[in-house]
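K.L.:
This is what each chain is made of:
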Amino acid sequence: MASALINVPAKAKRGDIIEIKTLMSHIMETGFRHTATGEVIPRDIITSFACRYNGTEIFRADLFPAIAANPFITFFTTATASGKFEFEWIGDNGFSETASASITVE
Amino acid sequence: MRLAGIILVSALLTADAIGAEIPPAERRSGTSFMTPDTKAMQDDDTANPGMLWVLDGEKLWARKIGAADKACTDCHNDARTSMKGIAAHYPAFDKTLGRPVDLQGRINLCRVNQQRATPLAYESRELLALTAFVAQQSRGVAIETGSDPQLAPFIANGRELFMQRQGQLNLGCTNCHDDNWDKRLAGSAITQAHPTGYPLYRLEWQSLGSLQRRLRACMSGIRAQAYDFGAPELVELELYLMSRAKGVPLEAPAIRP
Numbered sequence: 001m002a003s004a005l006i007n008v009p010a011k012a013k014r015g016d017i018i019e020i021k022t023l024m025s026h027i028m029e030t031g032f033r034h035t036a037t038g039e040v041i042p043r044d045i046i047t048s049f050a051c052r053y054n055g056t057e058i059f060r061a062d063l064f065p066a067i068a069a070n071p072f073i074t075f076f077t078t079a080t081a082s083g084k085f086e087f088e089w090i091g092d093n094g095f096s097e098t099a100s101a102s103i104t105v106e
Numbered sequence: 107m108r109l110a111g112i113i114l115v116s117a118l119l120t121a122d123a124i125g126a127e128i129p130p131a132e133r134r135s136g137t138s139f140m141t142p143d144t145k146a147m148q149d150d151d152t153a154n155p156g157m158l159w160v161l162d163g164e165k166l167w168a169r170k171i172g173a174a175d176k177a178c179t180d181c182h183n184d185a186r187t188s189m190k191g192i193a194a195h196y197p198a199f200d201k202t203l204g205r206p207v208d209l210q211g212r213i214n215l216c217r218v219n220q221q222r223a224t225p226l227a228y229e230s231r232e233l234l235a236l237t238a239f240v241a242q243q244s245r246g247v248a249i250e251t252g253s254d255p256q257l258a259p260f261i262a263n264g265r266e267l268f269m270q271r272q273g274q275l276n277l278g279c280t281n282c283h284d285d286n287w288d289k290r291l292a293g294s295a296i297t298q299a300h301p302t303g304y305p306l307y308r309l310e311w312q313s314l315g316s317l318q319r320r321l322r323a324c325m326s327g328i329r330a331q332a333y334d335f336g337a338p339e340l341v342e343l344e345l346y347l348m349s350r351a352k353g354v355p356l357e358a359p360a361i362r363p
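These protein sequences, in sequence, are chains H and L.
Going by the numbering used here, the first residue of the first sequence is number 1, and it counts up by one from there.
Going by the numbering used here, the first residue of the second sequence is number 107, and it counts up by one from there.
The shape of chain H in the complex, shown without the other chains (with noise of 0.2 Å):
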């Protein structure tokens, strides 16, 4: 049940710089916990978030064990015409999940 809330503004003026907010729900095993019994706790993190505007790829970060379960990440852009963003997680055990949001540029 992997779930993602995007926030990206529907309306904004040409050349706007605006803000897109990206939640994905994960539980980020680092993979240094151990069980009760001693046994290690095989790592499990989101590895890569990429974003396409229009098809171009305008942000990307690569995720580490230290980074905190379900991330947050946002970035800012330039508005620069009408379409739609694309997001991207990929990550451990074969983890791939995908959104989109549409933005109208005037």
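Worth flagging that the hints you see were computed from the coordinates, not collected in a lab.
Every residue, glycine too, gets a C-beta built ideally from N, C-alpha and C.
Treat the hints loosely; a few may be bogus.
[To be verified] Quick list of the computed label-pair ranges, beta carbon to beta carbon:
(1) H:D62 x L:N276: 48 to 56 Å
(2) L:K170 x H:I90: 31 to 39 Å
(3) L:P142 x H:S102: 26 to 34 Å
(4) L:K170 x H:G31: 33 to 41 Å
(5) H:R14 x L:D285: 55 to 63 Å
(6) H:A101 x L:P142: 23 to 31 Å
(7) L:A323 x H:S82: 47 to 55 Å
(8) L:P129 x H:A101: 46 to 54 Å
(9) L:A168 x H:H34: 33 to 41 Å
(10) H:K11 x L:D285: 50 to 58 Å
Once you've looked at the hints, dock chain L against the given chain H.
P.N.:
The following block gives chain L in isolation, referenced to the frame of chain H:
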């Protein structure tokens, strides 16, 4: 019955002498003790990780399960209208069981009796998600729990547990949350212990958790033996805390440090 009432009233009066209760006008949600950053996180639904559970709960609300092949929505329709204000009345008295049940308990009763499915485990993602989804519908509604007169003896039990010193540190809940809520403990605000935002996302847990989890954590903090999840004592404590927070608006799913 009248005699029992007199005994109850006198029991309450004696207990009053032990801890000074917070007057209604001074009741403050845990939110008011948080830093501006954490508050901003709670107020923005796209930054509040608790909303991830609410989204899952919304999906589960519509999923048909169990031998009866029914979804929550088949009886309760749209939660936005049918569940509005419900969480502000919980824990509520259950006639068949003859004791109060909390929101999680009610969801599991519904699963077993109506959907004919297995109950969900305490602190499981699914139970937290459904509880968060239902509780979120009561955001901003003032807590009303405890107005049902059948609950009176259970509130009194909960109050007794709240006042009672226990554990190796020999502390009662009241010693911190009535007497010292304006002070700090190891750098953290003590707060008045009003359960306004459960299930809530604790940054320390990196997860959503129930009020029962929070109560059990407090009990191990005072080196006492914590009650098991679902124990009637925990529900009575929840009930007392909710009736003690009467009038404070709900804010589930809240964020706490």
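K.L.:
So, for every hint listed, does it hold in this structure?
P.N.:
A quick look at each hint next to the structure:
1. H:D62 x L:N276: 48 to 56 Å: Since the Cβ atoms of D62 (chain H) and N276 (chain L) sit about 50 Å apart, the hinted range of 48 to 56 Å holds.
2. L:K170 x H:I90: 31 to 39 Å: 32 Å, holds
3. L:P142 x H:S102: 26 to 34 Å: Between P142 (chain L) and S102 (chain H), where Cβ atoms are some 32 Å apart, the hint holds.
4. L:K170 x H:G31: 33 to 41 Å: For G31 (chain H) against K170 (chain L), whose Cβ atoms are near 38 Å apart, the range 33 to 41 Å holds.
5. H:R14 x L:D285: 55 to 63 Å: 60 Å Cβ-Cβ, so the 55 to 63 Å window holds.
6. H:A101 x L:P142: 23 to 31 Å: Holds, since A101 (chain H) and P142 (chain L) (Cβ atoms, about 27 Å apart) stay within the stated range.
7. L:A323 x H:S82: 47 to 55 Å: Given about 49 Å between the Cβ atoms, the range holds.
8. L:P129 x H:A101: 46 to 54 Å: 47 Å, holds
9. L:A168 x H:H34: 33 to 41 Å: 39 Å, holds
10. H:K11 x L:D285: 50 to 58 Å: For K11 (chain H) and D285 (chain L) the Cβ distance comes to about 52 Å; the hint holds.
Violated hints for the displayed structure: none, as all numbered hints are satisfied.
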